[in-house]
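S.K.: Each chain, letter by letter, is given below.
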Amino acid sequence: MNNYVVKLSDNGNIAVDDTILVKDAQSAAGSRILEGFKPLFSAEAVTRLEKAGYIMAGKTQVGEFGLDLVGEFSYYGTQEGTLTCAAANVVACGEVKAALGVDMNGATRRGAALAGVDFLKPTYGTVSRYGIISCAASGEQLGVYAPNVEGVKEVMSVIAGHDEKDGTSLKDASYTYVTDEAVSGKKVCIIKELLAKADEEVVAKVNAYADKLRASGVTVEEISWDMVDVANTAWQMLMTAETCNNVSRYDGVKYGHRAEQYKNIDELYVNSRTEGFNFLTKATILYGSDVLSKNRYDDCFGKSLKVRRVVAESFAKLMESYDAVLTPVCSKSAYEAYEIEDAFKTVFEESAFTAVANLIGVPALVSGGVQLMGKAFAESTLLSLAGSIERAGE
Amino acid sequence: MKYELVIGLETHVELNTKSKIFCSCGGHSAANEPNDCVCPACSGMPGMLPVMNKRVVELAVTAGLMLNCEISRYTTFDKKNYYYPDLPCAYQITQLNHPICTNGLVTLKTSEGTSEVRIKQIHMEEDAGKLVHVGKASLVDFNRTSVPLIEIVTQPDFHSAEEVLVYLNKLKTMFRSGGISECEEGAMRCDVNISVRPEGSEEFGVRSEIKNMASFEAIERAIRYEYQRHVDALEFETEELVQETRRFDDATGKTFAMRNKETEADYRYFPDANLMPIIIDDEWLEQIKAAKPVEIDEKADNYRAAGISEKEIGVLIQNHNASKLLDDVVAKGCDAKNAAGWILTDCAGIMRKNGKLIGDLEMSSDDLAAIIKMVESGDVNRMSGRKILTAVIEEGVDPVVYCKENGLDSKVDASVIESVMDRVFSENAQAIADYKSGKVKAKQALFGACMRELKNTADTAVIKEILEKKLEEI
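So the sequence lines, in the order shown, correspond to chains A and B.
Taking our numbering, I'd label the letters of the first sequence as residues -5 to 388.
Taking our numbering, I'd label the letters of the second sequence as residues 33 to 506.
Chain B with its partners taken away, still in its complex shape:
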């Protein structure tokens, strides 16, 4: 008999916000040490009350718009009760009754063709902390408690591991490009609901839920293992399938039962009276819609039309920070292709030298636009421009002030260049002789010597022009 795989996904995505969902602590990515980003609120002390971070609502709505969801105009929070040391209040604030987005749709392109997956809902919730086991002791780290998450719940519309992976990769690209989430390792976690039924059957088979998987590779392996386990049970009666929660073991590649339906916890959900219902009115929704980043395909087409290379486009659509900076400097009048080079080669290079990534770059688009314009207009040469950029990124200086203070202004009078060049010619008789005998490289050496004398300031195009003229005269 042929069997059909049926999968529904619950995907938790950590939102890219400056602060936690109900307090002003920085997210755990801002933490260096355990319990660095913790306050009385997110460590569950009495007396503290949750206060909603508006940005979380906006990012959740943006994610919902990207996934073609209906946006709830009235949304509320509920408490989910369970005891665990990494959950300081012994309840998680989440959404059960009125989630923020419902009824979405995603189109997937796989090797089999095109398929559609319905999104049941997206809800907002807080993350839990982390336990660290040291010998016989267990230590609690609350840096991650109350970090904002959205959970995206699909209908059971996936029928292959490939579809699942295409979906997850699509979410990842979409969310990174849209600044919703960095989707780093561990910031995207999945619960996979899986069942198997005879092909053509309308009824669902017995469902197992594989909890909390962070790697796409593990998800794929777990699906394949679980599919085979279900098929074996149905075909050869190797075991009786029961509805249960399972854990995937990465080392053995097998899944193991954690708890079954009978022993499932009653989470005693109820509305959180500390948080008033959130009303999303027309005005707010329009603001969020207006700020919503353009679709990935549209974005790529725009960059392509501006002459940006495919390789650079690939980086830009994965990187919200870089593409936003590019869009901003272009809006300020810079050439897109040129600016892309500045961001992805120069800025990225300087960041890399400092052991950081382009995603961490915190530079105002005003500063970058000023530097690019100085170079484009010939006020500063390319090399000095890079020098200014380095100082802006590393020391946070003002580009215009820095340029003046360090004499990088390339408006050096042509007569000054000529006299410098005369001196260089007289000091480099050998190079002149080499040039005359046909060694083209000698010209480069003369140019370099001039630049050194001029301390890299003057406009290189002007130097080259004078150099050519003088060499012809020889």
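In isolation and in its complexed conformation, chain A is listed as follows:
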């Protein structure tokens, strides 16, 4: 099933996505606007791993601010042909033990699915956001790429837990993850509305995964859940609004790229930002700015906050009957290079699979090219379900 060779070496090398700060290493989130920016401190997750003896092997390229599909639109190199995700690739070829990425609009999960590695987007608040180049504060979360659930568990056990430097960090000092809970008797549902958004190949993959779960004694049922589209729309509104606000600090005044030509402060802002951001970021800023404007706020941003609550309640209700949800991660098995002018719409459509976990903060695990979602703090259930399949495949 996996199209890569697992070389589980004992080395402690970790790759770090460019959206995560590593002290003194250029951290530019794939954007020209942060060209040359070298942070004075490392992200909390990086510091914790270093303290535990891991080595930060290098930074992996991301699309500008993690807004694209898998990393195709970075200032530091655009991709041609079939698209790939740098962090997922270095994990897939065994160059590193694991990698850290920020899951904001699904790029990390899609990247892992395409490369056939695991990625866990943990429950919101369990991993410190200190030291990530923040875009959508209310739903982004630092997660882990690894060749299998054991690797995810190992890294998560080090990085998860309260950090006083992050006001959204939950109070528990640490979390325990297991990969070998008994799965027989557990119940998993497949959301029909999400299957309908994927091509045949992907649907077949999800169904094959469901069969493997059934073989382990798990009950898998197809159900209808009508929250998929509203959840995605709400998340795109919140995400673009928060991103628009968070990248507004990149103005050419303090650090990063500054235009050479300007006559006054307004031109300094406009020229630096025009040169510094790519088309997709600009589209995101425009969309987010509109969503927050006085005339649209109540209908867009305000309503999205209400939708978030409704979706969270509906999902919690669903999780009273099931232990996890099984979904596709992408609509197809591979993406080909495309024009950046089409990126906003393309990413919007693809994030239908990933947005729920960002919107309501629940954990999502990509393994074997499919996604398992569960209720808050149900990481161990997801890791155990995926683990049973990974172990059976060995």
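Keep in mind the hints are simulated off the structure, nothing from the lab.
Warning: the hint list may mix true and false statements.
To be verified - What follows is a list of derived Cβ distance ranges for each label pair: (1) ALA289/B with GLY30/A: 51 to 57 Å; (2) ASP336/A with ASN244/B: 42 to 48 Å; (3) SER327/A with MET308/B: 39 to 45 Å; (4) SER151/A with ASN386/B: 54 to 60 Å; (5) GLY30/A with ASN244/B: 32 to 38 Å; (6) LYS343/B with TYR256/A: 45 to 51 Å; (7) TYR114/B with SER327/A: 41 to 47 Å.
We put the CB at the ideal spot given by N, CA and C, even for glycine.
Put chain B on the given structure of chain A with help from the hints.
M.R.: Structure of chain B alone, referenced to chain A:
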């Protein structure tokens, strides 16, 4: 026609905290050089997250209690978006939807009688930095960014410049006395919303907002100018009034339009997801209430009853640091009147000599109480007490250790004093003769000579007693 002035105020007050509102940098008062008190958080670098300073919440709630407000048990922060180089994140963290205090009331005593002003709300927010223009260049100083502020918003309840000034002075006294804010120059800034309507009318006139005024005198002049401008426009149609933001020019005494309603910025407020809602539970609120300083009038009455002079009371109620030190040493058993003298004369004098103010005094009440008690009990004389106090303030020494090491203990045996005095008498025959011939001053010279011989240690009362006895014997 007679016109009525209608004013609402938005007053920004810088809070007296050790650190900024969302990071551990010292406030800008701790800064000596531009960008002295700056970290990645308050300079807007990526990766840093705001972490709430609890003390800001407590001071804001205390201010709300002083202004008879309702305290919100659930309070949240919002982001206000605008671009300016002194605003490093390009947004200000403030409170729009759930401010910390609402619905207060202040009573004002003016020459016209008593009036009441309703407080609409108090909210917490961060200050912006400062631009310094040097020739053609503009430099940014982030020392003031993220310094905590409260903004106190009143209803449009003021009807004269006098009421405004009485209100502002009341806030100033209250906040200084309560340790909320030092209210120094620039630490209290006002936006004045002003309109004029025919007397008896219920409808409000067209409103202008005069932004960012730091001096009370300028506020008064601006109100008078603006009132006349509005009256002229209504009465003589000198101009058409529009809702707009104006700036007061101190040199000309006039106000100028900055921007009108149509060109007003859309600040695109939205909730700050980096800061969780703050819940003020019963326990926390009770703690804040218990720590709330007593009302100014009550405080003054207490001091008066203890025999402290009006002049000293005046200083004490303006100075939280001094009055807190006094209350603490009194609680430790010192006499209030005596202790007030120690603080306002001796401590203040020593601070002044070092170019500082009593407000900057950082002295433990234990140390001061120890010194006062040494003197009260006669273990040390007043002069030595002052010497110990100086060493404690200037060098941070331990008073008891310092006293011992420098032999300032005044428990000198009476027989030692007598023998010293005998020697002084024999060496100062002229002074003795002068005393006999009726020159009272000579007694003082003899006393001084004894003190010098005893190196200012012994109990002065005992010396005086022995001196009197010996002079009688002559």
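S.K.: Work down the list of hints and note, for each, if the structure agrees.
M.R.: Hint check results:
{"no.": "1", "hint": "ALA289/B with GLY30/A: 51 to 57 Å", "verdict": "violated (42 Å)"}
{"no.": "2", "hint": "ASP336/A with ASN244/B: 42 to 48 Å", "verdict": "holds (47 Å)"}
{"no.": "3", "hint": "SER327/A with MET308/B: 39 to 45 Å", "verdict": "holds (40 Å)"}
{"no.": "4", "hint": "SER151/A with ASN386/B: 54 to 60 Å", "verdict": "holds (56 Å)"}
{"no.": "5", "hint": "GLY30/A with ASN244/B: 32 to 38 Å", "verdict": "holds (36 Å)"}
{"no.": "6", "hint": "LYS343/B with TYR256/A: 45 to 51 Å", "verdict": "violated (59 Å)"}
{"no.": "7", "hint": "TYR114/B with SER327/A: 41 to 47 Å", "verdict": "holds (46 Å)"}
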